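**Q** This is what each chain is made of:
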Amino acid sequence: GAVVSQHPSRVICKSGTSVKIECRSLDFQATTMFWYRQFPKKSLMLMATSNEGSKATYEQGVEKDKFLINHASLTLSTLTVTSAHPEDSSFYICSAGTGFPNQPQHFGDGTRLSIL
Amino acid sequence: GENVEQHPSTLSVQEGDSAVIKCTYSDSASNYFPWYKQELGKRPQLIIDIRSNVGEKKDQRIAVTLNKTAKHFSLHITETQPEDSAVYFCAASRTRANAGGTSYGKLTFGQGTILTVHP
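Line by line, the protein sequences are chains A and B. Yeah, the first sequence ends on 116 if you go by the working numbering, and it's all consecutive. Yeah, the second sequence ends on 1119 if you go by the working numbering, and it's all consecutive.
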């Protein structure tokens, strides 16, 4: 149980393109989803917390207009990297929780984004 | 906010030896401490977790200890095997509530430990 599906797994696109990444909880309802960014050989940095039906909460230093998050249902959250540039290249990972505190977060497989 | 420090950054052991990774946290309100294993290019996978109402938890070769007073927790892997080689992350979480009143746990991760188990 507790499967989180993330798509696409890899994206290569030109600078200026907007890229949408989907995160789905397949067998449970995820009231809360999280979006992380991970640089090579580094830890996971939380970008934003996405709550179903409400606005996302962004971490300090993360541009809201650059990284658009939508959590329209209990099983789907999307991250759109708008007008992507080479410095946005990274590994983006989502995770989902049931909404109960002190319960595990379950991670998607991640998306390797490369901007040329 | 919460700050989690993890040591060592790299750890090399011989197969069969034990491995210990330590983390400290700053927020005394943190009450949930998971450990994740991440292989190269793959998702972090939960290997064990502990809540603040217990001091130790064990699952086969893996154990975690928690000292709330000192605000540190440790991962212990016994009888290490080459397939244990990976990056290990500790994390700390405290309960938060959004504007709608829904509670959730926000994880803060340590810097990670690259564990290499030599055959």
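You may find that some hints are simply not true.
DSS-like mimics (lysine-lysine), calculated; alpha carbons at most 30 Å apart, straight line [as the list claims (entries may be wrong)]:
{"no.": "1", "chain 1": "B", "residue 1": "1042", "chain 2": "A", "residue 2": "20"}
{"no.": "2", "chain 1": "A", "residue 1": "55", "chain 2": "B", "residue 2": "1068"}
{"no.": "3", "chain 1": "A", "residue 1": "14", "chain 2": "B", "residue 2": "1071"}
{"no.": "4", "chain 1": "A", "residue 1": "66", "chain 2": "B", "residue 2": "1068"}
{"no.": "5", "chain 1": "A", "residue 1": "42", "chain 2": "B", "residue 2": "1071"}
{"no.": "6", "chain 1": "A", "residue 1": "64", "chain 2": "B", "residue 2": "1071"}
{"no.": "7", "chain 1": "B", "residue 1": "1071", "chain 2": "A", "residue 2": "41"}
{"no.": "8", "chain 1": "A", "residue 1": "55", "chain 2": "B", "residue 2": "1042"}
{"no.": "9", "chain 1": "A", "residue 1": "64", "chain 2": "B", "residue 2": "1042"}
{"no.": "10", "chain 1": "A", "residue 1": "20", "chain 2": "B", "residue 2": "1071"}
Covered by chain A, according to a simulated footprint, are these stretches of chain B (three or more residues, beta-carbon under 8 Å) [as the list claims (entries may be wrong)]:
{"no.": "11", "region": "1021 to 1034"}
{"no.": "12", "region": "1061 to 1067"}
Derived by calculation from the structure, the hints in this document are not laboratory data. Predicted, not measured: the structure shown is a model, and the values here were computed from it. Using N, Cα and C, we set each Cβ at its ideal position, and we do this for glycine too.
**Q** Each hint needs a verdict: does it hold in this structure or not?
**A** Hint-by-hint comparison with the structure:
no.: 1; hint: 1042/B <-> 20/A; in the structure: holds, 20 Å
no.: 2; hint: 55/A <-> 1068/B; in the structure: violated, 34 Å
no.: 3; hint: 14/A <-> 1071/B; in the structure: violated, 46 Å
no.: 4; hint: 66/A <-> 1068/B; in the structure: violated, 39 Å
no.: 5; hint: 42/A <-> 1071/B; in the structure: holds, 23 Å
no.: 6; hint: 64/A <-> 1071/B; in the structure: violated, 33 Å
no.: 7; hint: 1071/B <-> 41/A; in the structure: holds, 26 Å
no.: 8; hint: 55/A <-> 1042/B; in the structure: holds, 29 Å
no.: 9; hint: 64/A <-> 1042/B; in the structure: holds, 27 Å
no.: 10; hint: 20/A <-> 1071/B; in the structure: violated, 39 Å
no.: 11; hint: 1021 to 1034; in the structure: holds (count 3)
no.: 12; hint: 1061 to 1067; in the structure: violated (count 0)
In summary, the structure is inconsistent with hints 2, 3, 4, 6, 10 and 12 from the numbered list given earlier, while agreeing with the others.
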